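Chain A is already provided as a structure; the job is to place chain V on it using the hints.
Respectively, the protein sequence lines represent chains A and V. Residue numbering for the first sequence follows our numbering, beginning at 1 and increasing consecutively. Residue numbering for the second sequence follows our numbering, beginning at 1 and increasing consecutively.
One should not assume that every hint holds.
Since copy identity is lost for identical chains, a pair holds within one copy or between any two.
30 Å max Cα-Cα, derived DSS-like pairs, lysine-lysine [said to hold, decoys possible]:
id, residue 1, residue 2
1, 81, 284
2, 177, 106
3, 177, 103
4, 115, 309
5, 173, 103
6, 197, 106
7, 8, 103
8, 177, 194
9, 351, 129
10, 3, 309
11, 26, 309
12, 177, 160
13, 309, 170
14, 129, 160
15, 284, 170
16, 173, 284
17, 177, 9
Source of the hints: derived by calculation from the structure; they are not laboratory data. Only a predicted model underlies this, so the values are computations on that prediction, with no experimental measurement involved.
There are 2 protein chains.
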Amino acid sequence: MIKFEVIKKHSHSSARLGTLTTPRGKIHTPCFMPVGTQATVKALTPENLEYIGAQIILGNTYHLYLRPGHELIHSLGGLHKFMNWPYPILTDSGGYQVFSMNKLTKVTEEGVNFKSHIDGSSHFISPEKAIEIQTALGSDIIMAFDEPTPHPSDLATTLKSLELTTRWAKRCKDALKSKNQSLFGIIQGGMHQKLRKESSEQIIELDFPGYAIGGLSVGEEKHLMNDITEFTASLLPELKPRYLMGVGTPNDLLICSSLGVDMFDCVMPTRNARNGCLFTRDGKLNIRNSQYQSDPEPIDPNCNCYTCKNFSRAYLRHLIMAGEILAMHLLTLHNSYFYQNWMKNIRLAIKEDIPFSFSWQETAN
Amino acid sequence: MIKFEVIKKHSHSSARLGTLTTPRGKIHTPCFMPVGTQATVKALTPENLEYIGAQIILGNTYHLYLRPGHELIHSLGGLHKFMNWPYPILTDSGGYQVFSMNKLTKVTEEGVNFKSHIDGSSHFISPEKAIEIQTALGSDIIMAFDEPTPHPSDLATTLKSLELTTRWAKRCKDALKSKNQSLFGIIQGGMHQKLRKESSEQIIELDFPGYAIGGLSVGEEKHLMNDITEFTASLLPELKPRYLMGVGTPNDLLICSSLGVDMFDCVMPTRNARNGCLFTRDGKLNIRNSQYQSDPEPIDPNCNCYTCKNFSRAYLRHLIMAGEILAMHLLTLHNSYFYQNWMKNIRLAIKEDIPFSFSWQETAN
Numbered sequence: 001m002i003k004f005e006v007i008k009k010h011s012h013s014s015a016r017l018g019t020l021t022t023p024r025g026k027i028h029t030p031c032f033m034p035v036g037t038q039a040t041v042k043a044l045t046p047e048n049l050e051y052i053g054a055q056i057i058l059g060n061t062y063h064l065y066l067r068p069g070h071e072l073i074h075s076l077g078g079l080h081k082f083m084n085w086p087y088p089i090l091t092d093s094g095g096y097q098v099f100s101m102n103k104l105t106k107v108t109e110e111g112v113n114f115k116s117h118i119d120g121s122s123h124f125i126s127p128e129k130a131i132e133i134q135t136a137l138g139s140d141i142i143m144a145f146d147e148p149t150p151h152p153s154d155l156a157t158t159l160k161s162l163e164l165t166t167r168w169a170k171r172c173k174d175a176l177k178s179k180n181q182s183l184f185g186i187i188q189g190g191m192h193q194k195l196r197k198e199s200s201e202q203i204i205e206l207d208f209p210g211y212a213i214g215g216l217s218v219g220e221e222k223h224l225m226n227d228i229t230e231f232t233a234s235l236l237p238e239l240k241p242r243y244l245m246g247v248g249t250p251n252d253l254l255i256c257s258s259l260g261v262d263m264f265d266c267v268m269p270t271r272n273a274r275n276g277c278l279f280t281r282d283g284k285l286n287i288r289n290s291q292y293q294s295d296p297e298p299i300d301p302n303c304n305c306y307t308c309k310n311f312s313r314a315y316l317r318h319l320i321m322a323g324e325i326l327a328m329h330l331l332t333l334h335n336s337y338f339y340q341n342w343m344k345n346i347r348l349a350i351k352e353d354i355p356f357s358f359s360w361q362e363t364a365n
Numbered sequence: 001m002i003k004f005e006v007i008k009k010h011s012h013s014s015a016r017l018g019t020l021t022t023p024r025g026k027i028h029t030p031c032f033m034p035v036g037t038q039a040t041v042k043a044l045t046p047e048n049l050e051y052i053g054a055q056i057i058l059g060n061t062y063h064l065y066l067r068p069g070h071e072l073i074h075s076l077g078g079l080h081k082f083m084n085w086p087y088p089i090l091t092d093s094g095g096y097q098v099f100s101m102n103k104l105t106k107v108t109e110e111g112v113n114f115k116s117h118i119d120g121s122s123h124f125i126s127p128e129k130a131i132e133i134q135t136a137l138g139s140d141i142i143m144a145f146d147e148p149t150p151h152p153s154d155l156a157t158t159l160k161s162l163e164l165t166t167r168w169a170k171r172c173k174d175a176l177k178s179k180n181q182s183l184f185g186i187i188q189g190g191m192h193q194k195l196r197k198e199s200s201e202q203i204i205e206l207d208f209p210g211y212a213i214g215g216l217s218v219g220e221e222k223h224l225m226n227d228i229t230e231f232t233a234s235l236l237p238e239l240k241p242r243y244l245m246g247v248g249t250p251n252d253l254l255i256c257s258s259l260g261v262d263m264f265d266c267v268m269p270t271r272n273a274r275n276g277c278l279f280t281r282d283g284k285l286n287i288r289n290s291q292y293q294s295d296p297e298p299i300d301p302n303c304n305c306y307t308c309k310n311f312s313r314a315y316l317r318h319l320i321m322a323g324e325i326l327a328m329h330l331l332t333l334h335n336s337y338f339y340q341n342w343m344k345n346i347r348l349a350i351k352e353d354i355p356f357s358f359s360w361q362e363t364a365n
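Pulled out of the complex, with its shape left as it was, chain A reads as follows (with noise of 0.2 Å):
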């Protein structure tokens, strides 16, 4: 089971330094969680992830299921020993990719039934097949069964979605029998108030050892995913762990710290990479641009970074101009370090209680 301790709250906002102590290690929190998908973060080693300072990483549970199967995960000792990371990991519950994934999901009360992305096989994931299949993966923090609420969606349909989620939430607490594993409950509630209130009120009465903010970075604004974080933060046990799902920009992960946010996960850094966009203290910057084409400095001069350190923007943007998957493996270390290292600062200022000074910019280079 995990522990959490709040070491140090933030005077100038909600932030808090904390430290999630897991069967596989401690975390201090606010903590990034890089997202890989497939047993792997996508271009980069075990190695590079204890490099760029990683302390937790997020597995999908419905990828896994399909492929290669939790069984076949499971035979081999589990999910840490298949992808050889020792450290934790969370892994979702898959609603979402069921739901994401698939235009022709059928949900009833019992469960959600689905055709595999791959190959168009049937499949039926349930609250307890939920379970089984992250008990099977033995991920050290594992996630609930919910249906993520559509957005926009209306009072009625929200209230609908977020009262099946509890259901499924019980369902999942009663299936779960592993005491290593961590199961967080998960709030939705859409972008109403009232509700979100409601779906707190119904998670937290069930007590789980964390909560998680689901159903946001769907599309809403920014000023109303920060509003609706906020509020649902405020809700939330003060002494427990609490997951920001899918989200989001440096900005996004430093505004939601200050809310009183402990974890996040995003496929941001390491799927912008692959395209060229990449994190700096300036802001964005895409390698592709030809303005980097005979550029001797890094992407980020400020940035210690095994490719800030030993590369041009030139050859960077020669790497992926010419396709090579050296350019995937450079750029996703560089942006992978950079969201690692900026969660350090905004820990670093809660320690030193000093006010968030530092901001980035969305658009900019």
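Relative to the frame of chain A, chain V by itself:
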């Protein structure tokens, strides 16, 4: 300039242990040079190349000339700095790719007109241009611009081609001004011993610091390749390095080392890796085969590379089947490590003057 010393001769074969001293470090021979076509050995960092024990790598003049351009690389400090590889680099002359990647080349006494495989633009490379490009790149060992003889070719065609290659070799030598670069001549002559002798005499007459055997591994049978290699190597000066271009399998390296060859290059370890075809002491292993689906063993239980020390066949198969970039990286690392280790074993056998007892099964697993 380079300095080559034969340290020890194998009493069981014509193999020799040598030291090739370049401005950027010593190379123990016989050696294998990983191919870094577009200023990167595909899917490996320079750090990885050091890790596997690469002493020298090869760059492709044709590719670098077209993209990103030799002038750009020169303006950024040369190829070593551009790709962050401070150790020796050999560049080919571009001759081979000009012919193999273009159907519509036009050869005159002056040089070769061809169209870019990237954008169809027209280009012209002469012996002087090939030296200009390689000088701009700043590689330590550079190759004369030759006309690779198509296979099969009759005596008359082969003779005409090797004579052109000799005239071009002379022009390359005359064009070279850089004192830090060592120009190797290339022996052609197809599969005709008489013409190999003719070419060797003409090229040796020009007095290069090293000699390459070109025009092999072009589809001929193995015994023919070995015969021509043996015959040609025997004609070359004993105290100069001998480089067999574009060869080959582990067995080819073993056999041709025993015939007195000192340097090799081939895309086989890297290209095969990306297709899932792996080298082990027990032969080839195609990691995509379903028999490895749940196999907990490493690729090669006797291998000490990062991939074999940390990942199962089942995991690597999953990665490649799922199209993950990490598969390309981990498999390339293994094959490249295997090749370097193979050469170490060859050097050790020569050093200890024991017969080459190991050999490699072309088809196994």
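We went through each hint and held it up to the structure:
1. In this homomeric assembly, residue 81 and residue 284 come within 30 Å of each other (Cα to Cα) only across copies, at 26 Å, whereas the closest approach inside a single copy is 36 Å.
2. For a Cα distance limit of 30 Å, the shortest separation of residue 177 from residue 106 inside one copy, 28 Å, qualifies, whereas the shortest one across copies, 74 Å, does not.
3. With identical chains, the CA atoms of residue 177 and residue 103 are never at most 30 Å apart, being 33 Å at best within one copy and 66 Å at best between copies.
4. Taking CA atoms no more than 30 Å apart as the test, residue 115 paired with residue 309 passes in neither setting, with 45 Å inside one copy and 37 Å between copies.
5. Taking the closest pair of Cα atoms, residue 173 and residue 103 come within 30 Å of each other only inside a single copy of the chain (28 Å); across copies the shortest separation is 66 Å, beyond that limit.
6. In this assembly of identical chains, the alpha carbons of residue 197 and residue 106 lie at most 30 Å apart only when taken from the same copy (27 Å versus 76 Å across copies).
7. Taking the closest pair of Cα atoms, residue 8 and residue 103 never come within 30 Å of each other, the shortest separation being 45 Å inside a single copy and 69 Å across copies.
8. In this homomeric assembly, residue 177 and residue 194 never come within 30 Å of each other (Cα to Cα): the closest approach is 33 Å inside a single copy and 80 Å across copies.
9. Proximity of residue 351 and residue 129 under a CA criterion of 30 Å is satisfied in neither setting, with 41 Å inside one chain copy and 61 Å between copies.
10. Proximity of residue 3 and residue 309 under a CA criterion of 30 Å is satisfied in neither setting, with 37 Å inside one chain copy and 33 Å between copies.
11. Taking CA atoms no more than 30 Å apart as the test, residue 26 paired with residue 309 passes in both settings, with 29 Å inside one copy and 26 Å between copies.
12. Only within a single protomer do residue 177 and residue 160 lie at most 30 Å apart by alpha-carbon distance; the minimum there is 28 Å, versus 80 Å between protomers.
13. Proximity of residue 309 and residue 170 under a CA criterion of 30 Å is satisfied in neither setting, with 50 Å inside one chain copy and 42 Å between copies.
14. Proximity of residue 129 and residue 160 under a CA criterion of 30 Å is satisfied intra-copy only: 22 Å inside one chain copy versus 73 Å between copies.
15. With identical chains, the CA atoms of residue 284 and residue 170 are never at most 30 Å apart, being 42 Å at best within one copy and 52 Å at best between copies.
16. Proximity of residue 173 to residue 284 under the C-alpha cut-off of 30 Å is found in neither arrangement, the shortest distances being 42 Å within a copy and 48 Å between copies.
17. Within a single copy, residue 177 and residue 9 get their C-alpha atoms no closer than 34 Å, and across copies no closer than 68 Å, so neither meets the 30 Å cut-off.
Checked against the numbered hints above, the structure breaks hints 3, 4, 7, 8, 9, 10, 13, 15, 16, 17 and satisfies the rest.
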